[in-house]
Structure formats: structure tokens, C-alpha cells
Amino acid sequence: MGPSKKELPRLVEALPAFPPSVCRILKLTSDINCPPREIVRVLDQDPPLARQLLRLINSPHCGLAEPVQSIRQAVVIVGINTIKNLALTVAPIEMLGRDSDRTPFLEGQLSHAFAVGLIARQLARRLGLPERETSDFFIAGLLHDYGKIVLHRLFPTRHNKALALAIKKQLPLHKAERELFKLDHLGVGALLAEKWGLSPHCARAMGGHHLPDDPDSDSPLPDCVHAANIIAKTVGLGVSGNPRTKTALPESVARRLGGTLTELTGSLGEIPAEMHKVQLFLNAWNATPADSA
Amino acid sequence: MKIKFWGVRGSIATPGPTTLRHGGNTTCIEVRTDANALIILDAGTGMHPLALSLFPELPITAHLFITHTHWDHIQGLPFFIPNFIPGNSLKIFGAFDPIAQRDIREVLTGQLQYCYFPVREAELKARIEYHTLRERQTVQVADATVTNLLMNHPVLNYGYRIDCNGKSVVFTGDHEHLTNIYEPEDPEYAEYAEYIEQRNQAIVAFMRGVDVLIADTSYLVSDYPAKKGWGHGTFDGNIALARQAGVKRLYFTHHEPTRADDALERVCQEALARHPFEAGDPECLLTREGLTVEI
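Read top to bottom, the protein sequences are chains A and B. In terms of numbering that gives the first Met the number 0, the first sequence has 267 at position 268, counting the first letter as 1, and numbering is strictly consecutive. In terms of numbering that gives the first Met the number 0, the second sequence has 35 at position 36, counting the first letter as 1, and numbering is strictly consecutive.
Note that these hints are calculated values from the structure, not bench results. One thing to keep in mind: the hints can contain errors.
Unchecked claim - Here are the simulated DSSO-like cross-link-like pairs (lysine-lysine), alpha carbons at most 30 Å apart as the crow flies:
#	chain 1	residue 1	chain 2	residue 2
1	A	LYS26	A	LYS232
2	B	LYS3	B	LYS90
3	A	LYS245	A	LYS181
4	B	LYS247	B	LYS226
5	B	LYS166	B	LYS226
6	B	LYS227	A	LYS26
7	B	LYS3	A	LYS276
8	A	LYS83	B	LYS247
9	A	LYS174	A	LYS245
10	A	LYS83	B	LYS226
11	B	LYS227	B	LYS247
12	A	LYS232	A	LYS245
13	A	LYS174	A	LYS194
14	A	LYS160	A	LYS245
15	B	LYS226	A	LYS26
To be verified - Computed spacing ranges between beta-carbons, pair by pair:
#	chain 1	residue 1	chain 2	residue 2	range
16	A	ALA16	B	GLU122	41 to 49 Å
17	A	GLU193	B	ARG104	34 to 42 Å
18	B	TRP229	A	GLU269	22 to 30 Å
19	B	ALA141	A	GLU262	31 to 39 Å
20	A	PRO47	B	LEU19	33 to 41 Å
21	B	PRO85	A	ARG124	20 to 28 Å
22	B	GLN136	A	SER266	39 to 47 Å
23	B	ASP33	A	PRO46	47 to 55 Å
24	B	THR291	A	ARG124	34 to 42 Å
As the list claims (entries may be wrong) - According to the in silico footprint, chain A covers these stretches of chain B (three or more CB under 8 Å from chain A):
#	stretch
25	52 to 64
26	94 to 105
27	174 to 185
Note that the structure is predicted; figures quoted are calculated from it, not measured. Where is the CB? At the ideal position from N, CA and C, for every residue including glycine.
Here chain A stands alone, though its shape is the one from the complex:
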């Protein structure tokens, strides 16, 4: 069953804890002189992430003569640079929950979230923001639909009905969710942002990415996530679960971002290649037994 208003506190209680590793890894690796031990410490404090990294390093593809048992041992064998660069891709995947209860919807969500994160960061770069600030755009894009993932995990039957209803009636998914839950993924996203103490801009990206048109906002972050969401759907990167795709950006958003939907879509650069890499990681992950770490 879905949450009623009375059930909201229980829902909030059941929400996942914020996985901070990805933010810390992005910040640390933006400094080329970052001490290796700091990266290893982040991994030490996140055993599931460390396990996934070891799983990839110990995969048959990698071909190590002896399996490595710990991140520290892995750093000695394959080097800190390999560990750091693997973590940059693996940490965001882990953040979105690469667990055993994945469904085709969650797989599609993961790709969609990644695409929106990468595109939002690209839009920030296009605006000329300093590189150190662009990781926030990546994170906000990654998290923008987290409410959907939570609803799907906690109430899989009902959320599948919402997905089917959206397709049947050609409704935006958040409207279909409201018919069945009295709450949509935007509302859950807002609860999450509050529980995790995220910045107001990130909260707006999670709780209001369908209505970002806030001329008073002093950050382009909500605009970038809003536009990235539409671009990802337009070019078919991942599956959002939403049957309807906007064909244009709100005029004010296009003005603030300096381009129409077509123009911004044409400036994606390396993103399709990045997405291909994410898919290769997921394939490698799926092909590697869980106990190989």
C-alpha cells in the first residue's frame, strides 16, 4: 500500500541515509594533489562501495594473478590512480543503489539519473562555472528522481501500477503517482532533501524539477537539472518512467541557459561516450559473481 498522510512519518523514517561518499570522492579528486590516503579513507568508511570496487578489480577481465582482499592492497597492486578513477564511476552507481532487488525500471532509472547528472554538469560548464562548482550539478542531477526510486523500492506493486497508469492515460508520472499515493516522487524528493540537509538549490532540483521556473533563484542549478531532465528524455538516455516528454524548454529557462532545447542538446560533447562507459560498468558488475570481492 502507498503512504497516506498519517503514514508519512513512517515513510520518512524508512528513507535511506544519505550516501556521502560520492560527494567526498568528487571533491577530493577535483584536486590533482589530493593525498591518496584521503581517497582510501573515504572508501574505508563505505564498505559497500569498497566491496563493489574490489569486485571490479577482481573480475576475470582485469586478470590479476591473485585476488586483492582490501582497498589498501588494491592500491599497492593496481595503483591509486586506477582506484581513484574506478571510484569516480562506481560511487555514483552505488549511491543510486546497485543492490539485488533491482528491476528493469530501477536499471532504467539509474541510467536516466546518470545522464541527467552528466548533462546538468555539462550545462554548468557551458555557463562558464568553475570546475570545482560543477560537481554539485552532477550530484543534483543524479538525485533529482531519487523520490521515484524510494517509492518504487518501498511500494513496488503500487508504484508499478502508477507507471502503468501513466502510460495508459498518457499522464506525467507524478500525476499518476498522486492518484495512487496521494504523494508523488517530487514530494518524496523534498522530504529526502530535508532529511539529508541538502542545499536549497539541490532540494529544489529534487522536489521541483518539473517546475523550475524561479526567476528569483540565485543559482542556475535548478534550471540546469530541469533542462538536463528534458534533454536526457529527448535523446533517449535512460528510462525516466514518464511517458510524456516536453518538446521545448520554458522560454525563461532557455534564456537563462543561453540556448534552446535543440541548441543545448547539440552541445552534449562526450556524454554519450560517458553513458556507454557507465553501461559497460553495469555489464561488468552483472557479469561478476557477488562473492568475488
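Got chain A; can you put chain B on it based on the hints?
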């Protein structure tokens, strides 16, 4: 076995009047087994003059072992002329790239994309095979065996050992001596030191008693603090390693591109003076383009 150096410069090709004696081409080493099978270690820009020298022998079968796929170790590959002539055969061996999740074929064919090079892989006339190697996998090449060990560089880098009728050579590819990432007061220091010790033992065993060790010697001890983590070795570190492994002859290679011949010879002499020769020590020499060594 015969070894010939076609490229000994590190990082970037460095032609010009100050590098005439040691040469400006990047890493490429030809090894001939006793049965005259052709093994090539790395495909830096030195691979082009090597290719020209092979014309009298065509058609050829070459076995190319790539230590790692940084530019200075692969840039000569598209210019390996036998690839354009039917009847030749090139067997390429190298490591998987876990960051890009690509095998050696996918990594190297990326180099032949149209925006980088006008001839696509499908248009090459030679027979080309790719073999992604596991660590310590042994490959038989005629009367020689080639095995590998992961060294320490900011990408997976295999050092290769070739054994042929009782003679042996090891090429490190690019390799930085392992150092502890922790401070002595850190609780993790001892555990990390133990992992380093185990790895150093594996590296020493890999090159134990070889006739020739060819080692990445980009830096001076005085350069090193500013270049720590870049994945390259020092004169002093390699002398110590060769002594420990009982190597008979040590060749310093991957010369720092900004170091002119005069300076290179001077810093080598200074390093040797810091480590006076003792009985059983390896003979220590600088590589230069065109140098041929028979063992």
C-alpha cells in the same frame, strides 16, 4: 638473444641537436630470440625506424608486447608499415583497461579512429591479432617465453620478462618504486608497509638474476619529490632494485625529455658515483637509440 633499442626517450619524442647521441624517439625495443623470432616491446615512435629496418625480411610475424597504452608507448603503432602490406602478421599483447572497461583491442583500435588517423583498422592489409593478457600469463614465442607482472604506474602497466635458452631480459615499462601513502604515525601505516613489502618481493623475484634489466629511469632523486605519483623511477631506486635482484646488467631508459645528452650522461655518472661498484653489482649503462646488446 639480441636486443636493439629503437626509442629510449620518455613521455614525448624529443628530436633536436641536444638529443642526437641518445636519441629522441619514444620507447620501442626489438628483441630477437635465438631462433630469430621477432618480439617488440612497446610501440613508441621508435617503431617507425624499426619498421623501415624490417623491409628486407618481409613478410614478417611480429609479436608486440605493450607495457601500457600511454601515448609515448603506442604512438608508432599506426606507422608500423608492415601493417599495410599483405602477408605480414602482427600479434599484439597487452593489459585490460579497468577504467574504460576495454580490452587491448578496443583501446588500440580507438587510436585508429578516423579523426586521429586516415586508415581504419579494417583497411589494414596485415593479419592482426589482439591478445588481452592476464597477469603472469605466459606466452610462448618460438624458443622464448614471455611473462608479465603488474608494475606501478597510473594505468595498468605490465613489466615483461623474456627467457630464451637460459638467457633472460626484463623490461619494466613505466614503473615507480612503491612508497607508503600513510605517515608513520597513521594507524594504517604498518599494514600498508606490509603490502608494499610483499609486492616488492614479487617484483624482485620476477627479475631475479636476469642478464639484462631495462628500467624506467626518468628522474633524479632530487626531481622526485615534485614528481611523486607520476609513475616513474629514479637512478638510485633502480640501482638498488637491480642489486637486490642480482641483475647482471642494468640499462637506464625512458630518459626525461627535457634532459639533453650532456646532462643525461652527467647525472648518470653522478648516480653511479653515489653507489660505488662492488663485487656482484650490475653493470649500469644508459640506453641510446641504435644500441644493440647480445646476451
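Status of each hint after checking the structure:
no. : hint                             : in the structure
1   : A:LYS26 to A:LYS232              : 28 Å, holds
2   : B:LYS3 to B:LYS90                : 19 Å, holds
3   : A:LYS245 to A:LYS181             : 24 Å, holds
4   : B:LYS247 to B:LYS226             : 29 Å, holds
5   : B:LYS166 to B:LYS226             : 35 Å, violated
6   : B:LYS227 to A:LYS26              : 21 Å, holds
7   : B:LYS3 to A:LYS276               : 39 Å, violated
8   : A:LYS83 to B:LYS247              : 37 Å, violated
9   : A:LYS174 to A:LYS245             : 15 Å, holds
10  : A:LYS83 to B:LYS226              : 18 Å, holds
11  : B:LYS227 to B:LYS247             : 28 Å, holds
12  : A:LYS232 to A:LYS245             : 9 Å, holds
13  : A:LYS174 to A:LYS194             : 24 Å, holds
14  : A:LYS160 to A:LYS245             : 23 Å, holds
15  : B:LYS226 to A:LYS26              : 22 Å, holds
16  : A:ALA16 to B:GLU122: 41 to 49 Å  : 55 Å, violated
17  : A:GLU193 to B:ARG104: 34 to 42 Å : 50 Å, violated
18  : B:TRP229 to A:GLU269: 22 to 30 Å : 25 Å, holds
19  : B:ALA141 to A:GLU262: 31 to 39 Å : 59 Å, violated
20  : A:PRO47 to B:LEU19: 33 to 41 Å   : 57 Å, violated
21  : B:PRO85 to A:ARG124: 20 to 28 Å  : 47 Å, violated
22  : B:GLN136 to A:SER266: 39 to 47 Å : 44 Å, holds
23  : B:ASP33 to A:PRO46: 47 to 55 Å   : 53 Å, holds
24  : B:THR291 to A:ARG124: 34 to 42 Å : 51 Å, violated
25  : 52 to 64                         : violated (count 0)
26  : 94 to 105                        : holds (count 8)
27  : 174 to 185                       : holds (count 4)
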